[in-house]
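Below, each chain spelled out in residue letters.
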Amino acid sequence: MIEFLQQLGKNTHTGFTKLGRGTFFLLQVISGILSVLPRPRLLLNQMYSVGVLSFLIISISGLFVGMVLGLQGYYILSDFGAEETLGVMVAASLVRELGPVVSALLFAGRAGSALTAEIGLMKATEQLSGMEMMAVDPIKRIISPRFLAGCLSMPLLAALFSAIGIIGGQLVGSGLLGVDEGAYWAQMQANLDFQDDIVNGVIKSIVFGFVTSWIALFEGYDAVPTSEGVSRATTRTVVNSAFSILGLDFILTTLMFGDN
Amino acid sequence: MQHTSTQDTFVGLFVASGIVGLFFLALQVSNLSSFTERDSYTITARFENSGGLKIKSPVSAAGVKIGRVSAISFDRKTYQSVVKLNIDAQYNTLPEDTTASIFTAGLLGEQYVNLEPGGSDEFLKEGGKIEITQSAIILEKAIGQFLFKSAEEKK
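Protein chains in written order, with the working numbering: chain G, 1 to 260; chain R, 1 to 155.
Be aware that a few hints might be false.
[Stated by the list, open to error] Computed Cβ-Cβ distance ranges for the label pairs, DEER-style:
id, chain 1, residue 1, chain 2, residue 2, range
1, R, 142, G, 56, 52 to 58 Å
2, R, 132, G, 250, 54 to 60 Å
3, R, 132, G, 194, 36 to 42 Å
4, R, 49, G, 56, 47 to 53 Å
5, G, 97, R, 76, 42 to 48 Å
6, G, 171, R, 146, 40 to 46 Å
[Unchecked claim] Away from chain G, derived, C-beta distances all over 10 Å, residues of chain R:
id, residue
7, 61
8, 74
9, 95
10, 116
11, 119
12, 120
13, 123
14, 125
15, 148
[Said to hold, decoys possible] If you want the ones that stay clear, here's a sample from chain G, every Cβ over 10 Å from chain R, calculated:
id, residue
16, 206
17, 222
18, 243
It should be emphasised that the hints constitute simulated quantities derived from the structure, not laboratory data.
Note that beta-carbon positions come from the ideal geometry of N, C-alpha and C, so glycine has one too.
Isolated chain G, as found in the complex:
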């Protein structure tokens, strides 16, 4: 019993310590962003590895998610003779929820885990301390560009995901199942609002990009510098990112869409 309590206290203590380190790390990274701006090359390289390389998985997943939404939505809506509103259903669920959330989950799996493994290995092979020896701040040089690239890429990826998904839904809906194409778009335009739906979706994806990049970079930076430690850190990145994305999504949804 005593041992259990001791263990509990120890875990809580390490948990809070880690959260504190993470917050401190985040502040350092954010203050390091200013020194990225004069070196856009660093940012560009990271935009490539974080954004461009995630492009394919995001667009293909978006297409299939949209197509499945079109199919399932049609089956349910046609029971009520309301298949004309398929466009609204597909677009609203993609723009408000699925676009930001699913693309953030994919982003955490595709780019977040790669970031953690990269930083963790840099730490394990003592490249980070080597940089410090040369009076190069590894946070400014390594971490901040990756963080900024993650924050910038995520909204673009989420917008692509939603856009491709809506087109996929239209392909299935009016190409395969015979929903009127004009009704698909017209109902969508009549029922979605730029401010309420699109902008809120973009805000969500910015928040998710911020959190995912933070978690991925911190787990890598904080990893135990062994091969096992790096593999554990990578797992934690994916698990913690998924939890934070879904939890934050709930909070953001209640804040954004609670009124109507």
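Let chain G serve as the given structure and place chain R on it in line with the hints.
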């Protein structure tokens, strides 16, 4: 780095496509998107009440879609709803005494304009007017009339 310039191109493409995606989403909503305009001619119909008719709602005849609603406005003098209908150019043989009515597709579905051809030998042309129209059925009105009627019968 060796592949720098190809990398630049890819990053540029990525950012551009992301922005295109954002624009696509924005235009979806703000009704600015223009569809592939096919050859068409415009006719006008005046309704006492155009109900839930929207721009881009379908126009059909005998159940076949032959055009779209292109504009809806309110006439300040006659207090009528002026609906402009864009009809595909291939359907240019609508008689002048065609009737236009507003129907609902399905119980919850959207409203559309139904055209019923008359018997005239003259055809509607660009800028033509449909004289005989039937307004949308407003559910509240219909229920109100029904209640009123059944109350009268009880007396």
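Going through the hints against the structure:
Distance hint for residue 142 of chain R and residue 56 of chain G: a CB-CB separation of about 54 Å, consistent with the stated range 52 to 58 Å. Our hint of 54 to 60 Å for residue 132 of chain R and residue 250 of chain G holds, since their Cβ atoms are close to 55 Å apart. Distance hint check: the CB atoms of residue 132 of chain R and residue 194 of chain G are about 39 Å apart, consistent with the given range 36 to 42 Å. Distance hint for residue 49 of chain R and residue 56 of chain G: a CB-CB separation of about 52 Å, consistent with the stated range 47 to 53 Å.
In this structure the hint that residue 97 of chain G and residue 76 of chain R lie 42 to 48 Å apart at CB holds, the actual value being about 43 Å. Checking the proposed 40 to 46 Å range against residue 171 of chain G and residue 146 of chain R shows it holds: the Cβ atoms sit about 44 Å from each other. With a cut of 10 Å on Cβ distances, residue 61 of chain R stays outside the contact zone with chain G, its closest approach being about 15 Å. No beta-carbon of chain G comes within 10 Å of the beta-carbon of residue 74 of chain R; the shortest separation is about 18 Å.
The non-interface label for residue 95 of chain R is consistent with chain G: the shortest C-beta to C-beta separation is roughly 25 Å, beyond 10 Å. For residue 116 of chain R, the requirement that its beta carbon stay farther than 10 Å from each beta carbon of chain G is met, with the minimum near 20 Å. Remark: the non-interface label on residue 119 of chain R is consistent with the geometry, its nearest Cβ contact in chain G lying 30 Å away (cut-off 10 Å). Its beta-carbon lying about 29 Å from the closest one in chain G, residue 120 of chain R satisfies the requirement of being farther than 10 Å from that chain.
No beta-carbon of chain G is positioned within 10 Å of the beta-carbon of residue 123 of chain R; the least distance is around 25 Å. Remark: the non-interface label on residue 125 of chain R is consistent with the geometry, its nearest Cβ contact in chain G lying 24 Å away (cut-off 10 Å). Once the 10 Å rule is applied to beta carbons, residue 148 of chain R is consistent with being away from chain G; the minimum gap is 29 Å. For residue 206 of chain G, the shortest C-beta to C-beta distance to chain R comes to about 12 Å, beyond the 10 Å cut-off, and the non-interface label holds.
Non-interface call for residue 222 of chain G relative to chain R: holds, since the shortest CB-CB distance, roughly 28 Å, exceeds 10 Å. A cut-off of 10 Å between C-beta atoms confirms that residue 243 of chain G is not in contact with chain R; the least separation is 26 Å.
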